[in-house]
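**Student:** Sequence:
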Amino acid sequence: MGKLSILLVPGSFSLPEFYNQTLEPVTAKGNEIKGLHLPTVGLKAREGRPGPAPTMYDDAAFIDKAVEELADQGKDVIVIGHSYGGVPVSQCGKGLSIKERQQQGKSGGLVRLGYVTCLVPPVGGTAVSVLSKAPSENQVEMQTDERGWMLQSQPDKTAATILQTIPAEEGTAIVWKFPKHSAVSFINELTYPGYKHVPVSYLVCEEDLCIPPFLQREGIKIIEKESGRKVDVTSIKADHCPNWSATQAVVDWIVDVAEKAQKDTV
Numbered sequence: 001m002g003k004l005s006i007l008l009v010p011g012s013f014s015l016p017e018f019y020n021q022t023l024e025p026v027t028a029k030g031n032e033i034k035g036l037h038l039p040t041v042g043l044k045a046r047e048g049r050p051g052p053a054p055t056m057y058d059d060a061a062f063i064d065k066a067v068e069e070l071a072d073q074g075k076d077v078i079v080i081g082h083s084y085g086g087v088p089v090s091q092c093g094k095g096l097s098i099k100e101r102q103q104q105g106k107s108g109g110l111v112r113l114g115y116v117t118c119l120v121p122p123v124g125g126t127a128v129s130v131l132s133k134a135p136s137e138n139q140v141e142m143q144t145d146e147r148g149w150m151l152q153s154q155p156d157k158t159a160a161t162i163l164q165t166i167p168a169e170e171g172t173a174i175v176w177k178f179p180k181h182s183a184v185s186f187i188n189e190l191t192y193p194g195y196k197h198v199p200v201s202y203l204v205c206e207e208d209l210c211i212p213p214f215l216q217r218e219g220i221k222i223i224e225k226e227s228g229r230k231v232d233v234t235s236i237k238a239d240h241c242p243n244w245s246a247t248q249a250v251v252d253w254i255v256d257v258a259e260k261a262q263k264d265t266v
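Following the numbering used here, the numbering of the sequence shown begins with 1 at its first residue and continues without gaps.
Hint data in this document are derived by calculation from the structure and do not stem from the laboratory.
Beta carbons: idealized from backbone N, C-alpha and C, even for Gly.
Treat the hints with care, as some may be off.
Said to hold, decoys possible - Straight-line Cα separation of at most 25 Å, DSS-like style, residue types lysine-lysine; simulated pairs:
{"#": "1", "residue 1": "K94", "residue 2": "K237"}
{"#": "2", "residue 1": "K177", "residue 2": "K221"}
{"#": "3", "residue 1": "K196", "residue 2": "K157"}
{"#": "4", "residue 1": "K44", "residue 2": "K177"}
{"#": "5", "residue 1": "K133", "residue 2": "K221"}
{"#": "6", "residue 1": "K133", "residue 2": "K29"}
{"#": "7", "residue 1": "K230", "residue 2": "K44"}
{"#": "8", "residue 1": "K133", "residue 2": "K34"}
{"#": "9", "residue 1": "K237", "residue 2": "K157"}
{"#": "10", "residue 1": "K3", "residue 2": "K75"}
{"#": "11", "residue 1": "K34", "residue 2": "K177"}
{"#": "12", "residue 1": "K94", "residue 2": "K230"}
{"#": "13", "residue 1": "K263", "residue 2": "K94"}
{"#": "14", "residue 1": "K221", "residue 2": "K94"}
{"#": "15", "residue 1": "K260", "residue 2": "K225"}
{"#": "16", "residue 1": "K196", "residue 2": "K225"}
{"#": "17", "residue 1": "K196", "residue 2": "K34"}
{"#": "18", "residue 1": "K99", "residue 2": "K133"}
{"#": "19", "residue 1": "K94", "residue 2": "K225"}
{"#": "20", "residue 1": "K3", "residue 2": "K260"}
{"#": "21", "residue 1": "K94", "residue 2": "K106"}
{"#": "22", "residue 1": "K263", "residue 2": "K99"}
{"#": "23", "residue 1": "K237", "residue 2": "K260"}
{"#": "24", "residue 1": "K196", "residue 2": "K3"}
{"#": "25", "residue 1": "K3", "residue 2": "K157"}
{"#": "26", "residue 1": "K237", "residue 2": "K133"}
{"#": "27", "residue 1": "K106", "residue 2": "K260"}
{"#": "28", "residue 1": "K99", "residue 2": "K75"}
{"#": "29", "residue 1": "K133", "residue 2": "K3"}
{"#": "30", "residue 1": "K106", "residue 2": "K133"}
To be verified - Simulated restraints, written as ranges between beta carbons of each label pair:
{"#": "31", "residue 1": "E170", "residue 2": "K29", "range": "39 to 47 Å"}
{"#": "32", "residue 1": "P50", "residue 2": "I187", "range": "18 to 26 Å"}
{"#": "33", "residue 1": "E259", "residue 2": "K99", "range": "15 to 23 Å"}
Just need the whole structure built from these sequences, with the hints factored in.
**Tutor:** Shown next as structure tokens:
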């Protein structure tokens with residue numbers, strides 16, 4: 001499996017180490033996988049970064065750079081997003097698909113996108129335009145500072161929405177670890193439908209209160225309409241953060257996605 005590499009794009013307010021319990025078993029099964037620290041995510045718990053808050057486009061460019069570095073090593077790359085991560089994952093990949101790179105005489109490239117209970121807007125849509133369709137009782141208020149960084153100011157309420165399947169005190173303790181997240185990234189419009197150009201797998205989380213199943217399936221329909229291809233859909237009983245609450249199911253899904261991507265490129 002040396003030629004395949006997986007990049008995991010965290011959700012908003014999420015550090016890559018929040019996914020270690022998923023990444024490590026995937027690595028142990030012989031896969032190369034790395035979590036990315038998005039520019040729109042703060043540096044540590046309840047903090048942002050110096051300067052103005054970055055945009056979703058900064059995230060997409062950051063992902064593209066990581067994909068290109070791996071592709072230039074001749075590697076086939078899968079990019080998997082979670083939650084908000086679905087937006088920059090959709091925005092990324094222009095000129096980087098394996099087909100486009102082959103036309104340029106290059107090896108390696110983006111071979112598949114994966115979405116774990118993600119926000120998937122159409123071109124012109126935003127993270128907010130998708131989230132606003134969720135029931136109002138499941139929308140958590142956030143504080144935004146003078147530099148445009150959002151804070152999960154009510155960890156107990158946030159936990160009750162995104163980690164309601166684990167004990168409340170455990171979920172709340174996790175949310176207290178969340179860094180701040182860029183507010184502007186939630187209103188940046190999708191300008192490029194990356195999901196149009198490579199195969200897509202989607203992990204539906206049936207007990208998600210933050211991005212309810214009907215919104216996840218709307219995203220799947222958007223992808224299928226734009227690409228003209230069926231999405232490879234797997235469904236599990238899990239809340240919004242299966243990296244914590246349904247770890248083994250996510251590990252199994254990522255390994256399965258990797259196997260499918262390898263078959264595609266043989």
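**Student:** Look at each hint and say if it fits the structure.
**Tutor:** Now the hints, each set against the structure:
1. K94 with K237: violated, 33 Å
2. K177 with K221: violated, 34 Å
3. K196 with K157: violated, 36 Å
4. K44 with K177: Holds, at about 8 Å.
5. K133 with K221: Between K133 and K221 the Cα gap is close to 16 Å, so the pair holds against 25 Å.
6. K133 with K29: Distance of about 38 Å is beyond 25 Å: violated.
7. K230 with K44: Violated, at roughly 39 Å.
8. K133 with K34: violated, 32 Å
9. K237 with K157: holds, 21 Å
10. K3 with K75: holds, 5 Å
11. K34 with K177: Judged against 25 Å, a Cα distance of about 20 Å means the pair holds.
12. K94 with K230: It holds: about 21 Å lies between the C-alpha atoms, which stays within 25 Å.
13. K263 with K94: holds, 23 Å
14. K221 with K94: holds, 21 Å
15. K260 with K225: holds, 22 Å
16. K196 with K225: Cα-Cα ~9 Å, so holds.
17. K196 with K34: Since the Cα atoms of K196 and K34 sit roughly 24 Å apart, the hinted pair holds (cutoff 25 Å).
18. K99 with K133: violated, 35 Å
19. K94 with K225: Holds. K94 to K225 sits at ~19 Å (cutoff 25 Å).
20. K3 with K260: holds, 14 Å
21. K94 with K106: Given pair K94, K106 holds - Cα atoms ~15 Å apart, limit 25 Å.
22. K263 with K99: Since the Cα atoms of K263 and K99 sit roughly 15 Å apart, the hinted pair holds (cutoff 25 Å).
23. K237 with K260: holds, 22 Å
24. K196 with K3: holds, 24 Å
25. K3 with K157: With Cα atoms ~43 Å apart, K3 and K157 exceed 25 Å; violated.
26. K237 with K133: Given that 25 Å is the threshold and the Cα spacing comes to 21 Å, the pair holds.
27. K106 with K260: OK: K106 and K260 at ~22 Å, within 25 Å.
28. K99 with K75: Holds - the C-alpha atoms of K75 and K99 are around 13 Å apart, at most 25 Å.
29. K133 with K3: Distance of about 40 Å is beyond 25 Å: violated.
30. K106 with K133: Measuring from Cα to Cα gives roughly 42 Å; hence the hint is violated.
31. E170 with K29: 39 to 47 Å: violated, 27 Å
32. P50 with I187: 18 to 26 Å: Taking Cβ atoms as reference, P50 and I187 lie about 22 Å apart, which means the hint holds.
33. E259 with K99: 15 to 23 Å: Since the Cβ atoms of E259 and K99 sit about 20 Å apart, the hinted range of 15 to 23 Å holds.
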